[in-house]
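Asks: One line per chain: the protein sequences are A and B, in this order.
Take 1 as the starting number for the first sequence in this note's numbering and just add one per residue.
Take 343 as the starting number for the second sequence in this note's numbering and just add one per residue.
Hints listed in this document are in silico derivations from the structure and should not be mistaken for laboratory results.
Hints may contain errors.
Here are the computed distance ranges between Cβ atoms for each label pair [stated by the list, open to error]: (1) A:Glu162 with B:Leu636: 20 to 28 Å; (2) B:Arg424 with A:Pro114: 52 to 60 Å; (3) B:Arg466 with A:Glu137: 47 to 55 Å; (4) B:Ile482 with A:Ile266: 21 to 29 Å; (5) B:Val559 with A:Gln276: 50 to 58 Å; (6) A:Ser90 with B:Leu470: 18 to 26 Å; (7) B:Phe562 with A:Arg135: 17 to 25 Å; (8) B:Pro572 with A:Gln276: 54 to 62 Å; (9) B:Val499 with A:Arg135: 51 to 59 Å; (10) B:Arg556 with A:Glu147: 26 to 34 Å.
Using 30 Å as the maximum straight-line C-alpha spacing, the simulated DSS-like pairs for lysine-lysine come out as follows [what the hints assert, rightly or not]: (11) A:Lys99 with A:Lys182; (12) A:Lys136 with A:Lys99; (13) A:Lys210 with A:Lys248; (14) B:Lys465 with A:Lys32; (15) B:Lys465 with A:Lys99; (16) B:Lys465 with A:Lys23; (17) A:Lys227 with A:Lys182; (18) A:Lys206 with A:Lys247; (19) A:Lys247 with A:Lys99.
All C-beta atoms, glycine included, are put in the ideal place defined by N, C-alpha and C.
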Amino acid sequence: MTTTTTAEPLLQVRNLQKHFPIKKSTLFGGQKQSVKAVDGVSFDVYPGESLGIVGESGCGKSTTGRMLLRLLEPTGGEVIYQGRDIAQISAGEMRMLRKDIQIVFQDPFASLNPRMRVRQIVEEPLMNFRICASRKEARQRAREILEQVGLGENHMERFPHEFSGGQRQRIGIARALASEPKLIIADEPVSALDVSIQAQVLNLMKSLQKEYGFSFVFISHDLSVVKHFCDRIGVMYLGKLVEVAEKKDLYAKPMHPYAQALLSAIPRTVPGSTKQRIVLQGDVPSPANPPAGCPFNPRCPAAFSDCTEIVPELISREGRQVACHLYPADDPQAGQQQPTAV
Amino acid sequence: MAKFILRRLFHAVIVVFVISLLIFFSIRLTGDPVAVMFAAGEPSQQAIDNLTAELGLDQPIWVQYGIFLRDLITFDLGTSFRTGQSVSSMVAATIGPTTLLAAAGMAVAILIAFPVGIVSAVKRGTVLDFGGRMFSLIGISFPNFWLGIMLILIFAVMLGWFPASGYGTPQHFVLPAITLGLILSGILSRLVRSSMLEVLNQQYIATAHSKGLRSWVVIFRHGLRNALIPTVTFMGVQFGGLLAGTVIIEQVFSWPGLGRMIIDAINARDYPVVQGGVIVLALITVAVNLLVDLSYSILNPRIKAGGSDS
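Pulled out of the complex, with its shape left as it was, chain B reads as follows (with noise of 0.2 Å):
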């Protein structure tokens, strides 16, 4: 077990290095940080100069990276160009927001989809099923940002239900992660049904029945605790998508999450920010795969982590 994880970790390593180094050089593809600082007037060459140096671009690009690589061993993700805030402290501020939110699309995603899939398995070939079916072939085939702007139209303008937009209170949450939650909803739903139906053509199925349960028994002790595998691991990979999927809605909802955070500093060139949000959402996401490949072994007795340490 001890073995694995350490292997994992430097797995992890490794994916974050070749992470950097995609993130570092594309994002310099995008132009010159400085010029877009002096967009407003015209600034003189020793003004530009003393810029580029003052934020080290006037350094050989590899030289750069290895400053950062350097730093980024230390966990210090450098200084935004913007605000000269340190993008630890401004990743840590919008890390919050971001996380909640996709936990609670999740949450919103899981409350859907179970029942909606179970039902669908159970009940296969009749209306609920039919009905099941096409929730999840809509789930699938919208626009998130579509159904975001749609939720505010009703339930925020015409309704006044919910907040349009904004952070803090509890109401906030309501139409980002309901949004979030029914798409995913839509394919989380097609997963559970189509392994419950597995599940449920399993012999010992027939066994269980045969020891005179109730039927919701048989479905929720046996078929359910079977059929979890792939949709845990499905989730776990969802989660990771999640985080950085909510870019799109942390926008529509002007949600102060890292998606926003950097999308702002694309659109400003803000080199540092980009890398340190990129690279936590890198690390956010080895690490809940990590924690994935480790609940295979509570959820299936058949799988040992790592295997050959049983």
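So here's chain A without its partners, still in its complex pose (with noise of 0.2 Å):
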């Protein structure tokens, strides 16, 4: 979506940190470390735009889905929100905050309150906005949101554990919708749904983001599904993002050696294709002793001496941006640059 690169970015999250503390205990006492599941991500969503994030789990994903509405508390970087940082601001302003960034989560079954009716679901938002002055027209407005998401009004009295799971998915989604977002967090929101319910759901996410406007960071690991859906894709590796770039860029020709393996394990439909699967070397390294320098060296085929010193900066190269030392940067000056789109 070449739009996107003159407008305004809706939100900018940089640096993003979250470092778990554990404790390691040796024959002499404890010993203060930290699992880095985040480890410095920046990116910026625009209007009306639908990012992807993928990954293989254990990346920081949702990790990062969750920072952005500080339903986990970053342990540093900052998310601008309409030029205020989030991840600074009192959890009253950050409550009302909600309204504007909402989430969908993976599993439908242990996201909705099991003692609630969904009329009741997606009324709360309703009132605690103060988007429907009455329960009145409340009730109506949720009518509504539950008939664009298919869902009927017999539906409306009815609890959670009464739906499938692809039915419960769209309470889920309408509740989102409610308060009408401008930026809905979706961590994996069908993974957890059968392949034919999937196309379903997608489809319906697609159309509302039409109709609304809203933008979308789409949480996945299924590259097809990231590969329907969105506009622009983040790959990220042991809580960095490695690669950012435009869908048909990445899909035609990506450029971290990382995300060359990660496309490379998608079944191909064309049989005969030439096209070699990249398979890795070695496990992902563990998070609380990450290698230094760059850290994909270990399992890279392409790594020279700078990958193990170096942390290789998420900068533009080749008109997009790519946080590897085999690509030269686009401008001298990139590395203090701020990332933008391409």
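With the hints in hand, could you dock these two chains into one complex?
Replies: Pasting the structure below:
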């Protein structure tokens, strides 16, 4: 979506970090350590776009998503929304800001309160954010929203357990939609669903986005789903973004060696396709003790001496953002530049 | 729903039958009531035989049990050996004080345990949590009669704020109810804490936060209501236990309740009073448990009483 380049970003994430403290007990008392679940992630989200964040499990995608709403407190960095750093504002301000930023969770069975009726689930944010002045109005609005996600009036008085997984995820989407957000974090929204239902829910989310114009941060480990859904994609590895690019660029020619390996793992639909799968050696290092230099260097087939010493920055290289020493920076000053969308 | 209640009533009948059997034979192991009644003097054999026959104890034991069961079906609990009063009227006179005391104790327990348990769970790992857990540990390990005696010593004898024993005014309730409630709140607060912790880790709590709700709304509306199910079960079970468990407290505080009546009757080998009292306690316990089961369907929409009726 090239139109996004000229627009002001809706949300700017700068050097976001989440370090979980852990205690390692040794013979001589405890030693303080931390798991660097998210270690300096920066990206922008533009109005109306869908930014995908992909990576294998444990790379910090969900943690990043939750920090954007401060469901988890960041341990460092900034999340700038409407000129304010979300990571710094008071809890009260954050509560009201959640009107603008909503989340759809992965597990549609765990994310809905089992004791509330569907109507109450959707009405609650309407009343709480004072979108509707009266209960009557809220009920009317809840009915409209549920209708939009494909649930009828006869569903309103039921409890979540009376629905299928796909329907429950629709309830979750309706709930997120209720506060009229400008950004929805979708944290693996379809990975708990049957494949046949996945497409329905994804199409619903797409059409709602078209109607309301909100942005998505779409977190997924499923590269095919991300390809279907997103405009731009960020690839995460071991708590860091290694490449951020337009979808067509990334899928046509991934630049970071990890992105190359990841994309080569997508099952091919064309028989006899010549492209070889890149099989990475070794395992993902522990985020408690990441390797020096580039986090990918121990497994990287192209690693050279710089990679074990210097952490590559996520900067513009060859027209997109890549954190890899293999590619020259577009601009000598790029190191100081804020990351921008290509 | 109706089928469910009917089935439970049938269970209750079986429970009462088994208890009648147990209490009828076990109380007869304590010895001959006639011997106790003549403990003072040297009665003639004739007098002993007369009294035995009068109380119906000369009949074969199975016949005695049959008569007891027959009377039970017509809600006739017999008459006391000692006083000649009907057991029903004695139970009626004592059940009120016992139920009120148990209810007051439960109320005290709820008032203490819920705030302590909730704060402990929400402020997990802090000094407040540590304090809450220490409190429940102390509550669990304290013998209740000792606590009762200590409370009497401090608040009745030394400070003179409340009466040490007896029954009649609201002031009389304070010390025994606090004694019962404090002990019970130890276990209850622990249960509230663990169920709250479990619920607060659920994802729908994060959902509730994302709705921009204040934390206390999240804790109470979304957290506590879901944490109530195991807690209410426990309280139901405990209430039955509380009724029977007031026995010691009733002794300590000279409370004119069912428990004290049964203890006195056991000492006097007053069979009908013991039997009647125990049967009534069993009935109340069964009834409370039934009420708890019925309350599930209100607390948790996923549970429909009777299951298949939905």
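Asks: Would you mind marking each hint as holding or not holding in the structure?
Replies: Against the structure, the hints:
Distance hint for glutamate 162 (chain A) and leucine 636 (chain B): a CB-CB separation of about 21 Å, consistent with the stated range 20 to 28 Å. Distance hint check: the CB atoms of arginine 424 (chain B) and proline 114 (chain A) are about 56 Å apart, consistent with the given range 52 to 60 Å. Take arginine 466 (chain B) and glutamate 137 (chain A): their Cβ atoms lie about 39 Å apart, and the range 47 to 55 Å is violated. Range check, isoleucine 482 (chain B) to isoleucine 266 (chain A): about 58 Å between beta-carbon atoms, so the 21 to 29 Å window is missed.
Checking the proposed 50 to 58 Å range against valine 559 (chain B) and glutamine 276 (chain A) shows it holds: the Cβ atoms sit about 55 Å from each other. At about 22 Å, the CB distance of serine 90 (chain A) to leucine 470 (chain B) agrees with the hint of 18 to 26 Å. Here the CB-CB span from phenylalanine 562 (chain B) to arginine 135 (chain A) is close to 19 Å, well matched to the stated 17 to 25 Å. Distance hint check for proline 572 (chain B) and glutamine 276 (chain A): the Cβ-Cβ separation is about 56 Å, which falls inside the suggested range of 54 to 62 Å.
With their beta carbons about 56 Å apart, valine 499 (chain B) and arginine 135 (chain A) fall inside the hinted range of 51 to 59 Å. Checked against the given bound of 26 to 34 Å, the beta carbons of arginine 556 (chain B) and glutamate 147 (chain A), roughly 30 Å apart, stay inside it. At roughly 8 Å between alpha-carbon atoms, lysine 99 (chain A) and lysine 182 (chain A) fall within 30 Å of each other, so this suggested pair holds. The straight-line distance between the Cα atoms of lysine 136 (chain A) and lysine 99 (chain A) is roughly 20 Å, inside the 30 Å bound, and the hint therefore holds.
Simply put, lysine 210 (chain A) and lysine 248 (chain A) have alpha-carbon atoms about 20 Å apart, close enough for the 30 Å limit, and the pair holds. For the suggested pair lysine 465 (chain B) and lysine 32 (chain A), the alpha carbons sit about 23 Å apart, so the restraint of at most 30 Å is met. For the hint linking lysine 465 (chain B) to lysine 99 (chain A), the alpha-carbon distance of about 26 Å falls within 30 Å, and the restraint holds. Proposed proximity of lysine 465 (chain B) and lysine 23 (chain A) is supported: the alpha carbons are some 21 Å apart, at most 30 Å.
For the hint linking lysine 227 (chain A) to lysine 182 (chain A), the alpha-carbon distance of about 22 Å falls within 30 Å, and the restraint holds. Taking the CA atoms of lysine 206 (chain A) and lysine 247 (chain A), the gap is about 16 Å. The hint holds against a cut of 30 Å. Restraint check for lysine 247 (chain A) and lysine 99 (chain A): satisfied, since their Cα atoms lie roughly 29 Å apart, inside the 30 Å limit.
Of the numbered hints given earlier, the model fails hints 3, 4; all others are met.
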